[in-house]
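Working from the sequences, and respecting the hints, build out all of it.
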Amino acid sequence: MGKTGRDWTQIYAIYGMDDWQTPVFLLLHAIIFSSLSVLFLLCFNPICAFFESLFPGLPGGATRFAAGFTGSVTALSAVCLFFAAGNIFYSAVSLHWDMAQRMVSSVNHWSTVKHALDVGCGRGILLNAVAMQLKKEGSSGRVVGLDRRKTTVSTLRTASIEGVQEYVTCREGDARRLPFADNYFDVVVSGVFVHTVGKEFGPRTAAAAAERTRVVGEVVRVLKPGGVGVVWDLVHVPEYVQRLRELKMEDIRVSERVTAFMASSHIVSFRKPSEPFMGYAEVRLDWRFNNIC
Numbered sequence: 045m046g047k048t049g050r051d052w053t054q055i056y057a058i059y060g061m062d063d064w065q066t067p068v069f070l071l072l073h074a075i076i077f078s079s080l081s082v083l084f085l086l087c088f089n090p091i092c093a094f095f096e097s098l099f100p101g102l103p104g105g106a107t108r109f110a111a112g113f114t115g116s117v118t119a120l121s122a123v124c125l126f127f128a129a130g131n132i133f134y135s136a137v138s139l140h141w142d143m144a145q146r147m148v149s150s151v152n153h154w155s156t157v158k159h160a161l162d163v164g165c166g167r168g169i170l171l172n173a174v175a176m177q178l179k180k181e182g183s184s185g186r187v188v189g190l191d192r193r194k195t196t197v198s199t200l201r202t203a204s205i206e207g208v209q210e211y212v213t214c215r216e217g218d219a220r221r222l223p224f225a226d227n228y229f230d231v232v233v234s235g236v237f238v239h240t241v242g243k244e245f246g247p248r249t250a251a252a253a254a255e256r257t258r259v260v261g262e263v264v265r266v267l268k269p270g271g272v273g274v275v276w277d278l279v280h281v282p283e284y285v286q287r288l289r290e291l292k293m294e295d296i297r298v299s300e301r302v303t304a305f306m307a308s309s310h311i312v313s314f315r316k317p318s319e320p321f322m323g324y325a326e327v328r329l330d331w332r333f334n335n336i337c
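By this note's numbering, the letter at position 160 of the sequence shown is numbered 204, and the numbering carries on one by one without gaps.
One or more of the hints may lead you astray.
[Claimed, not checked] Derived lysine-lysine pairs resembling DSS-like cross-links, with alpha carbons at most 25 Å apart: (1) K158 <-> K179; (2) K243 <-> K268; (3) K268 <-> K179.
If you're looking for bench data, these hints aren't it; they were derived computationally from the structure.
This is the structure in C-alpha cells:
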C-alpha cells in the first residue's frame, strides 16, 4: 500500500494505461531475450561447436569466449528490457498517482479556488486528484480537463468512479492555443504532457522547444494574478524555468530529480505576480519531494 492509501491494482483498475503497447512490447522482447540466454546456458557446448564451424580458423578458446560473451549480452539485454517495462508501468500507474498527490499538496489555498485547469488530462489521474481536493476542502470550485485527444468519455468515467463527477468538466483543445480567456484560472496543473507537444518537429529541435515554451506561455496567460501553476514533466524542465523567468513569474520552485518513464523528471511550481514586475524571479530547489523512487 502506498503513501496515499492506494496500491497499483486499485489505480490501474480505475485508470488503466494510455500507452500500454510500449511496456507490452518491451516485456515480449525481454521474454525472448531471456529464452535465448537460457538456451545459451543449456546448450553452451553445441553453440561453441557451431561457432567453430562458422569460424574454423579461430582457436577453441576464442569461440568459447564469443559464445559466452553473446550469451551474457543476451541475458543483460533481457534484464534491461524487464527493468524498462517495469519502470514505464510503474511510472504510468503508481508514480503518476503519487506525483499527482504531491502536486496537489503544493497548492495551499484549495478552499478558495473557483476555477482550475489540467492541461493534457489524459484519463484523469491528476484531474481527479484536483477534484478530490476541491471536494475535501468543501470548495464550490470546478476543474477543467483539457486534452487534444477524444478522451472525454473515459475521463468522465474515472471521475464518476472517484465520486467527483460534479467537480469535473472536460474539453478538447490545443495546449498551444488554450481556449480560455486571460486571467481566468486560480490554479493550472499539468502532468507529463508538455514534453509531448511539438514532437512532430523532433524532440530536440528548436521548433519543438518553441512549441513547448509556447504552452508554458499559455499556462501563464490563463492564470489569474496571484494564481499558481504546477507542472510535472520529463527532460525539458530547465526550458520551462527559463521561460517562466522571462515571463517574470514569482516563487519558482523545482523539485528533486525523479526517474519516470526511463527519463529525468521534475515538478516545477510558480506563482503569477499580483503586482507589476520588480525584478528577476529567484529559482529555488524545493526538497519537499525527497524520497521519491
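Looking back at the numbered hints, which does the structure fail to meet, lowest number first?
Number 2 only.
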